[in-house]
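Join the two chains, each given in its own frame, into one complex according to the hints.
Below are the chains, spelled out letter by letter.
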Amino acid sequence: MMQQQHSDNAAKFIADDARTNWHDETLWFVRAKRDKAAHNLPEWEALRQAASDIKDHTLNHLDTYLLEFEEKAKANGIIVHWAFDADEHNQIVYDIIHQSGITKMVKSKSMLTEECKLNEFLQHNGVEVVDTDLGERIVQFRNETPSHIVLPAIHLKKEDVSATFHEFLHTEKGNNDPLYLTRAARVHLRNHFFTSEVALTGVNFAVAETGSIVVCTNEGNADLGVHSARIHIASMGIEKIIPKANHLSVFLRLLARSATGQPVTTYNSHFNRPQPGKEMHVVIVNNKRTQQLAEPDFKSSLKCIRCAACFNTCPIYRKSGGHSYHTTVAGPIGSILSPNLDKKQHADLPFASTLCGSCSNVCPVKIDIHNQLWKWRQLLTKEGYAPPAKTLAMKGMANVLGSPFLYNLSGKVGRWVMRNIPFLVNNKNWNPWFKQRDMPKAPEQSFRDWYIKNKKS
Amino acid sequence: MKVELFIPCYVDQFYPKVAIASLQLLQSLGCEVDFPLQQTCCGQPMANSGYNHFTESCNKNFVDNFSGNSFIVCPSGSCTLHIKEHLTGGDESKIENIRKHVMELSEFITDVLKVSNINAGFPHRVGYLTSCHGQRGLHLSSTSEINGPRFSKPEQLLRFVKGIELVYPQRVDDCCGFGGGFCVTEEALSVKMGQDRLKQFLELDVEFITGNDMSCLMHLEGLIQRNKYPIKVLHIAEILNTSLK
Chain A
2 MMQQQHSDNA
12 AKFIADDART
22 NWHDETLWFV
32 RAKRDKAAHN
42 LPEWEALRQA
52 ASDIKDHTLN
62 HLDTYLLEFE
72 EKAKANGIIV
82 HWAFDADEHN
92 QIVYDIIHQS
102 GITKMVKSKS
112 MLTEECKLNE
122 FLQHNGVEVV
132 DTDLGERIVQ
142 FRNETPSHIV
152 LPAIHLKKED
162 VSATFHEFLH
172 TEKGNNDPLY
182 LTRAARVHLR
192 NHFFTSEVAL
202 TGVNFAVAET
212 GSIVVCTNEG
222 NADLGVHSAR
232 IHIASMGIEK
242 IIPKANHLSV
252 FLRLLARSAT
262 GQPVTTYNSH
272 FNRPQPGKEM
282 HVVIVNNKRT
292 QQLAEPDFKS
302 SLKCIRCAAC
312 FNTCPIYRKS
322 GGHSYHTTVA
332 GPIGSILSPN
342 LDKKQHADLP
352 FASTLCGSCS
362 NVCPVKIDIH
372 NQLWKWRQLL
382 TKEGYAPPAK
392 TLAMKGMANV
402 LGSPFLYNLS
412 GKVGRWVMRN
422 IPFLVNNKNW
432 NPWFKQRDMP
442 KAPEQSFRDW
452 YIKNKKS
Chain B
14 MKVELFIPCY
24 VDQFYPKVAI
34 ASLQLLQSLG
44 CEVDFPLQQT
54 CCGQPMANSG
64 YNHFTESCNK
74 NFVDNFSGNS
84 FIVCPSGSCT
94 LHIKEHLTGG
104 DESKIENIRK
114 HVMELSEFIT
124 DVLKVSNINA
134 GFPHRVGYLT
144 SCHGQRGLHL
154 SSTSEINGPR
164 FSKPEQLLRF
174 VKGIELVYPQ
184 RVDDCCGFGG
194 GFCVTEEALS
204 VKMGQDRLKQ
214 FLELDVEFIT
224 GNDMSCLMHL
234 EGLIQRNKYP
244 IKVLHIAEIL
254 NTSLK
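These protein sequence lines are chains A and B, in that order. Take 2 as the starting number for the first sequence in my numbering and just add one per residue. Take 14 as the starting number for the second sequence in my numbering and just add one per residue.
Note that these hints are calculated values from the structure, not bench results. Take the hints with a grain of salt, since some may be wrong.
To be clear about the criterion: a stretch of chain A counts as covered by chain B if any three or more of its residues have a C-beta under 8 angstroms from a C-beta of chain B, and this derived list gives those stretches [claimed, not checked]:
no. : stretch
1   : 7 to 15
2   : 41 to 54
3   : 315 to 329
4   : 390 to 401
5   : 404 to 411
6   : 439 to 446
Beta carbons: idealized from backbone N, C-alpha and C, even for Gly.
Okay, chain B solo, but in the shape it has when bound (with noise of 0.2 angstroms):
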């Protein structure tokens, strides 16, 4: 199957180890990956900020990169929201194809490839940060709140993995304060929300934490750092990508 790959600007920037496992999971998976070279930003930053009618550039490039044809997979369950919901500006009928065909990297891994094993080992204790715009946005997983079964597409696929103790903190899917600007906009809240956040996964005593957005546990991994704390943070292809390598 072909594949359009969205890296995050700031996965792209300062996490290309959670692209590069992105791009060799979904090979490994049979997909054939392209990465559009003169992507950027999908222009979250700009318009959860309240600016987005500064993102007609963005917005722009992004239609210009990715033809819309095929699917267009994202490590990210935020980035592929905001293209979901704000994508805007040209060609209609190109930009409903995009929004129909752009999916976060595990929701394509359950939903279209439908994979029945990945072959990934990670003999570690894990805890797993729940992010909001990809559990309540993309519906990648039941939330405490809404009175329904349970499920999460992540934890189907990090179920494949062999040796994983899977944890889930206290308040499940309590948010963890990144929220984009909010992070510097609201320091005090967003550091304490975090540290709240830490708090209970130091709790669990577990080796790492993974989610599905590398910008909440970058938020968590620069408070792990300052306060070091005995925990890392890894993106879940890094962990189903472990024995590829």
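With the rest of the complex left out, here is chain A (with noise of 0.2 angstroms):
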């Protein structure tokens, strides 16, 4: 399979100026929302700090916290599993369902379980599965994959998921009322919701001295599918650990804020213990994350608690859409956490990126994300991953740039040309920049000559 390249992913997306305009301002409306919020918190800077060594803090001792999390949960008659990688968590997963014999399964938001590609590993063995945000059930529906972390389907327009609910739950068709479609949503989860005896959900937070989970949803979801379950599932990356209780009045407060300007999210579900007659487990995956916690370079990507004010902010996201990354997690964030798992498949995404430096300044927990894009660009380019014709243009293009003398030659030629010759630059084939712009008009003399003539000794 040909290896998909963020670049022409993004022109195909940038093909449709209106559709790219609409994402863009809708995407940036939620960046204005995040501003405002935070701009209304005078501590706000000192919220982020206060996350930011919290979350080093923790990486630092990881294996402590996660193992008195583990005793703590157990205490409370949780079962733990520890999963390496996604096909062990997945195994897990499937294999509480199926002792239990169970064909469905409702899920709610969780973006591990999408890295893992847990539905298309259920699905295949049998196991139903409904996921149960609402922009999770419309991708589910088209056979997409979420566009955004905190809005699966933000790349589509209300006109878009009518025809997709007038196809899968026989909603009238060209009926655009949102009010209309959301109840439509609702009549069909609703039915899933009761009728279904295992809930998986995602973890937002993980807190080491109590044994219990926090689940963040806006819709409440996440409690609908528990509640009317016998069986809960809770999948989480080792990463979602905090040491204390009260560390969830630093990042619940952030956390919204960042992600959608809220105050905090509309439900904030503490799961301690299994109700009476049921079960909850928790599966604990790790999927390569040691392998970023061992690189000093990298490490603290895992402080990310996935509030994607990263990709609301990012220009290059909100102009290319989230599927031009081909990856589960799209945006800044994204493009420094998926080479992790796959250097080859992800290699072009640091380079998606103008390294502005939006993102880190976005960041909740103080991420310096376009510094490990650049990072990123230096360590994928060493191991050769980048394609050898740029590797041979960049190496001559260093030779001349090195060297004074070689550096005022091609000057002088470059600039003859374009001024006598202008063809030769001036063509779109080869030349990217002269597709769209025009050249800079290339003067007689460069400044190092002016100097020379001009220079008062």
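The structure is reproduced here in structure tokens:
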């Protein structure tokens, strides 16, 4: 299979200018709401620092806190599983479901299960999976992946949703009324909530000192699923741990404000232990996170709390759409997480950035995302994941720019060519700059030439 | 004050007028300016493309050209930031000195020269383009993301200019899409970002767009000329140097 390139996908996305503008404006609206929420809190920057410090500390003592969590969770009656990778995670989930003789599962939002491709695995093994987050259900119907980790169907307009619901839920054709469509989804999902014996949720925070987990949703779908099911499975990456319950007072204030500009997520549900007569499982997943943890340059990417503020602020994301990133977690944070999972597949992503730095500024846990993008570029290039032609061109360029003689000579020749044989440069086939932009005018003399002539000694 | 002038390679080759304006501006503010003649490129084009390991000769040449004992002033936030963050190799103490002394032109004027006036006049409506590396990297101005006091060193200088009507576009510090190698490797996206930025300036009905990085302005200029938009670009040094010609 041809490796996907962000630049090709972006060009296809941009070809629909009106839709691109709509996408850009929609996400900018979310970014603006975030700004308002952040700027209304005088202690905002101190909160970010506190969150960053807690996460740094936790990553430095991850082993201690994970074991503490396991011990406390077990004491609460939760069954704790450890999964080394995606396959192990999927097998553990399947075994729990299979042993109970269940054939349907409802699932609230969990990017980890997207990363592990759990839905495909379970469906292949005869288990129906119903995503209950509205956006996720929409993309599931359409056989697409979420294009955004907080707003999974943000690439779709209400007309698209209407067409999809007409096909799958038999709503009126062409009825684009959001209220009508939401009600249809509600009836559809309620039925699944009440008939599913197993519910899987993600984990936003796992508290080591209490052995409990916190799940944040705006739709209450995690709660509806868990409370009507007999078995609750919660899947979490190892980085979701926080030491103390009172640390939630930092993270919950940052999460919703950063994500959508809300003061707090609508439902922050604390799951401490299984209800009487029911089962609760927590699956703790590594899937190469310890590999990232061992890289000093990239370790802090594990501080991410998945708010997607970096998506909404990123002009690349806003104007190229989540699917252009061809990975589970898109946006700037995805571009520093994904290469750790598969360097070859995701070697293009750290280059899908102008290194403008806005991502690092909005990040509620102060990950230096743009610096890590730069560092991934170096690592991927050194390890041979860059196109050979690019390496050759860069080598040539480095030789010219590193030598005053060659630099001055090429400058003179280049400017002469641009003035006298412009079609050599002004060619849309081999000069991507010239496709939609004019070249700068080439002056007769460089500054250096002028300086030598005019310098007053 | 003695100053060493560091001119980005593409400014040297394509925009000598920006370098001349920078030189004359510094001289008019009382600096004794030297332009080390064998300087070439800071190495950023390779480094940002993932080839920092190819920048050895650029680094060496930079260290050979600049003493590190006086301020190194550059009319580009981006190139300044690259030297500050990524210059390596050779004599560590000299490199440390260079990193400490390299400054972008407007921050040098506001923070070191601390001028109380600039004798310039430019009676035009001018839009200001914020360049990301200078802003978020060098902190030339506050950013829309951070909750803190508003400031802008370039604006502080442009306020001295008589007759200027300075305006900012919506989404005040959204990236223009130049991005170095990005402008060709992500051509479609780069152009889209530039067009969107220009649309905001066109709505403001400005005659000129100015900023601290000619690279971003070169990208917008390419689009302006291709689309025949009624706007011109000027580097901030050219505006600050207007009445001195």
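Status of each hint after checking the structure:
Only residues whose C-beta sits within less than 8 angstroms of a C-beta in chain B count toward coverage, and the stretch 7 to 15 of chain A has 5 of them, enough to reach three; the restraint holds. With 4 residues having a beta carbon nearer than 8 angstroms to a beta carbon of chain B, the stretch 41 to 54 of chain A meets the requirement of three or more and the stated coverage holds. Given as covered by chain B, the stretch 315 to 329 of chain A passes the check, having 4 residues with a CB less than 8 angstroms from a CB of that chain where 3 are the minimum. For a cut-off of 8 angstroms, the count of residues in the stretch 390 to 401 of chain A with a CB near a CB of chain B stands at 7, and the three-residue condition holds.
Remark: the stretch 404 to 411 of chain A is confirmed as covered by chain B, as 3 of its residues place a Cβ nearer than 8 angstroms to a Cβ of that chain, reaching the required three. For the stretch 439 to 446 of chain A, the stated coverage by chain B is satisfied: 7 residues place a CB nearer than 8 angstroms to a CB of that chain, which reaches the threshold of 3.
Against the hints set out earlier in the document, no violation occurs for any number.
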